[in-house]
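What follows is the residue order along each chain.
2 protein chains.
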Amino acid sequence: MEDILPLVRTAKLPSPVLKPAVPREDSASAESVVQQQDAAPGSPRLAPYQALPVTKSTIITHNITPALPVLEPGELDKEELEARINKVIDDYKEKLQLRTDHHMGYPYNLDFDYGPLEGLQKYCINNLGDPFIESNYGVHSREFEIGVLQWFARLWEIEVDDFWGYITNCGTEGNLHGILVGREALPDGILYASRETHYSIFKAGRMYRMDAVKVGTLDSGEIDYDELQGHLAANAARPAIININIGTTVKGAVDDLDRETGYTEDRFFIHCDGALFGMMIPFVKRAPMVTFKKPIGSISVSGHKFVGSPVPCGVVMTRLRYIKGVSSDVEYLNSRDATIMGSRNGHAPIYMWYTFTRKGYEGLRKDVEKCLRNAHLLKSMLDTAGVRTMLNELSSTVVFERPREESFVRKWQLACEGDIAHVVVMPNITIRKLETFVQELVESRARVSVAEALKLAEDARAHAGDEE
Amino acid sequence: MEDILPLVRTAKLPSPVLKPAVPREDSASAESVVQQQDAAPGSPRLAPYQALPVTKSTIITHNITPALPVLEPGELDKEELEARINKVIDDYKEKLQLRTDHHMGYPYNLDFDYGPLEGLQKYCINNLGDPFIESNYGVHSREFEIGVLQWFARLWEIEVDDFWGYITNCGTEGNLHGILVGREALPDGILYASRETHYSIFKAGRMYRMDAVKVGTLDSGEIDYDELQGHLAANAARPAIININIGTTVKGAVDDLDRETGYTEDRFFIHCDGALFGMMIPFVKRAPMVTFKKPIGSISVSGHKFVGSPVPCGVVMTRLRYIKGVSSDVEYLNSRDATIMGSRNGHAPIYMWYTFTRKGYEGLRKDVEKCLRNAHLLKSMLDTAGVRTMLNELSSTVVFERPREESFVRKWQLACEGDIAHVVVMPNITIRKLETFVQELVESRARVSVAEALKLAEDARAHAGDEE
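Order-wise, the sequence lines are chains A and B.
Here the first sequence is numbered in UniProt numbering, starting from 1 and rising by one per residue.
Here the second sequence is numbered in UniProt numbering, starting from 1 and rising by one per residue.
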């Protein structure tokens with residue numbers, strides 16, 4: 001990984017780009033977001049990783065999903081029905097392929113090949129309940145799930161007998177689980193997380209009726225450590241449940257795990273949200289270790305992000321003693337299950353098992369290296385082309401000025417927040433794809449610039465009237 | 001459906017069978033469940049639809065999942081690795097087929113054929129966020145999702161402009177969503193549900209820090225209406241969030257939706273848990289209608305149960321005005337999303353769309369008819385063979401005495417609770433399968449009886465000593 005050393009800690013953007021013109025979610029009410037939508041119909045401001053909100057306004061006029069109605073087979077003869085269905089599926093596959101080819105914005109590794117597993121779709125594989133104890137339903141994949149969990153236990157340095165975890169439906173489920181385990185361990189605890197934290201953490205706080213403190217951030221996107229210390233000191237009478245971001249959603253910033261809380265270990269619980277970068281950081285030289293040798297309570301990562309999978313999935317891991325505490329002391333689990341969901345997708349563990357077995361730790365290390373190198377290349381290409389950028393040292397998320405042509409944003413499926421956009425360089429982003437992307441971006445910016453320049457001339461002509 | 005009319009309202013079992021010897025979850029602490037485990041290692045008492053709990057005891061000795069470790073590819077050459085992987089997958093497929101062939105206990109329709117959709121596994125399809133508003137991530141299946149939701153809207157009689165809903169990961173997610181929407185609508189509301197309710201409802205109450213009342217049940221498994229009335233009257237000062245079971249987990253009992261609450265409509269919220277039977281009841285003659293024309297707040301059903309799907313999934317539907325209330329008034333959604341999960345499986349909507357398009361309402365009606373007819377047949381066969389049974393009029397869940405050979409229970413993957421077991425007759429349960437099942441059950445019972453009878457003789461011989 002020596003060749004990616006030139007990465008700088010935080011290559012700062014000029015501040016206007018880092019301070020979005022749009023109010024962030026803590027200050028923007030649902031209503032104001034909608035007003036904004038209504039005010040600028042041509043350019044909906046989509047939040048990263050999220051659709052627009054359903055809000056008070058009954059009329060949402062942008063990006064409404066068209067329905068593909070269920071056909072009523074009674075109206076058609078059998079052959080016609082088959083033909084209609086096949087046409088729908090074939091057209092859809094074509095669309096999927098096109099969109100997969102032009103995807104840059106979300107941290108999903110779209111480069112996977114699970115061909116040998118296709119036959120498994122014939123089976124209803126369901127790991128309902130606890131992964132470690134088989135239920136009577138036999139069509140499950142728990143043995144793969146446990147294998148994958150043990151692989152993670154080795155990665156995160158926790159003994160096989162000391163951990164508990166499961167394969168989730170997505171990063172959000174892992175976060176909901178981690179925060180719940182924290183709350184049950186410290187029922188009176190206050191939830192702390194930075195303002196650039198994924199929305200699911202504060203959603204958990206509201207669902208669970210917890211007091212939550214939103215802490216400010218540094219320019220890099222890391223939590224403001226001094227501000228956090230201030231809150232912790234002021235609330236010293238109550239325990240702390242602290243969310244640590246291992247790569248924030250927008251800027252890929254990594255909160256420093258090794259700061260002192262000033263609390264004794266029985267009075268804080270640290271949840272690590274490592275949705276994307278939690279899978280990458282163990283393979284990054286010089287990165288802080290995410291390990292259960294530190295006093296953390298739980299880690300959540302996604303499986304469909306860096307690993308890549310047809311379905312969203314993830315892993316959450318905690319210490320066995322917390323789960324025991326949950327089931328005996330508070331019994332939210334009804335003494336029967338320790339997962340958020342009841343039925344659980346049994347295909348996801350097989351995808352993970354398959355990828356890890358094929359790639360191994362070494363293959364993943366190479367993927368990480370490639371991503372970081374290509375992220376650095378993209379940043380250099382954009383800098384050279386005069387586009388302002390930012391790249392955190394430990395991240396493959398390249399932040400840059402939001403392109404002003406909405407069609408370009410949609411084509412490349414960029415996640416945007418206010419004035420900034422980002423590309424998350426995943427293993428499926430090749431140098432060739434970066435070439436096309438940068439070329440099209442520069443052309444798009446040129447079109448906007450030319451249009452603006454000509455607009456000046458047009459205005460001048462109108463003002464000059466017949467004089468010209 | 002005329003030919004299934006002989007079904008009786010509630011064919012009662014003698015009471016010992018209906019009163020499990022094992023304390024139920026409301027009286028049994030996590031600890032007592034474990035003690036019971038330890039006390040009877042040969043016959044773990046598995047709760048229906050659930051694995052055993054993770055509890056205080058650090059040693060759980062039954063049904064521990066064996067791990068299938070991730071292989072480290074570095075240790076093997078490429079060909080050997082491929083061969084090893086293929087062997088694992090092939091063996092696993094064989095096991096899946098065998099288990100699928102001998103499954104009777106869980107309400108999963110294992111009879112589906114999604115062959116034409118197999119190519120879709122190449123794509124990472126993710127409907128992250130709200131189904132109705134497209135996010136920037138282009139590889140989604142929202143158009144299918146909306147088509148499916150509109151199909152359900154027609155089924156449950158709600159106007160397209162009045163509903164909101166989404167395709168969930170399972171019945172539990174739908175229940176977590178429905179109860180959360182109810183709590184946000186009535187923050188001070190008390191949660192009421194019967195003791196035979198699926199565990200996810202009370203789990204929701206604990207997660208959301210709600211006051212909850214567990215109401216007793218009638219022999220049929222329905223909620224005890226008088227007891228519920230009593231609680232509602234006693235707590236009249238606070239609003240009510242009432243869970244109504246459209247088919248309980250164990251007995252398939254349907255709570256009567258049409259009872260008076262005594263509360264004005266703005267002071268109660270009814271969530272209908274229709275995991276399995278919510279999909280069947282619209283097609284059952286003489287069954288009470290589950291419809292949004294009644295004052296209900298939300299409905300949750302599973303997609304992998306009656307419909308059948310490789311992955312667990314479901315649908316939750318509520319009134320649009322509640323969702324608006326949630327996002328504007330309480331903001332647990334962070335003003336951005338209205339679903340429990342963030343990333344959402346985009347394959348599930350396509351499975352449902354495909355099944356509904358192929359079968360139509362008429363095809364589903366025929367499936368329901370077949371299930372009810374075969375459930376009645378199974379009950380008659382068991383009655384004739386001297387096995388005590390129970391079958392609720394509106395259910396395809398045949399309850400009977402728990403078989404005493406654990407190997408039989410495991411082979412047929414029966415869900416058991418205390419002294420009772422059940423078979424949920426799904427469309428994949430054929431008459432031929434019922435024949436095999438009943439024959440093997442009777443043989444199993446005979447083996448147990450013979451063993452017990454011979455034990456008496458053996459004891460007598462020991463007692464008689466040399467006299468014989």
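FYI, nobody ran anything at the bench for these hints, they're computed from the structure.
Treat the hints with care, since some could be wrong.
Heads up, simulated DSBU-like pairs for lysine-lysine below, C-alpha to C-alpha not over 35 Å straight-line [what the hints assert, rightly or not]:
1. B/LYS366 to B/LYS455
2. A/LYS78 to B/LYS366
3. A/LYS87 to B/LYS366
4. B/LYS122 to A/LYS122
5. A/LYS411 to A/LYS366
6. A/LYS324 to A/LYS294
7. A/LYS411 to A/LYS455
8. B/LYS359 to A/LYS87
9. B/LYS411 to A/LYS411
10. A/LYS433 to B/LYS214
11. A/LYS122 to B/LYS93
12. B/LYS324 to B/LYS93
13. A/LYS93 to B/LYS411
14. B/LYS122 to A/LYS95
15. A/LYS122 to B/LYS324
16. A/LYS370 to A/LYS324
17. B/LYS411 to A/LYS122
18. A/LYS122 to B/LYS285
19. B/LYS285 to A/LYS93
20. A/LYS122 to B/LYS433
21. B/LYS433 to B/LYS285
22. A/LYS433 to B/LYS122
23. B/LYS294 to A/LYS95
24. A/LYS95 to B/LYS293
25. B/LYS359 to A/LYS122
26. A/LYS359 to B/LYS285
27. A/LYS78 to B/LYS78
28. B/LYS359 to A/LYS78
29. A/LYS285 to B/LYS122
30. A/LYS122 to B/LYS95
31. B/LYS78 to A/LYS433
Example chain B residues on the side facing chain A (calculated, C-beta under 8 Å, incomplete) [as the list claims (entries may be wrong)]:
32. PRO66
33. ALA83
34. ASN86
35. LYS87
36. ASN136
37. ASN169
38. PHE356
39. THR357
40. HIS376
The model shown is predicted, which means the values in this text are computed figures rather than measured ones.
Using N, Cα and C, we set each Cβ at its ideal position, and we do this for glycine too.
| message | Run through the hints listed earlier and report the numbers of any the structure violates, in increasing order. | response | 1, 9, 10, 12, 13, 15, 16, 19, 23, 24, 26, 27, 33, 35, 40
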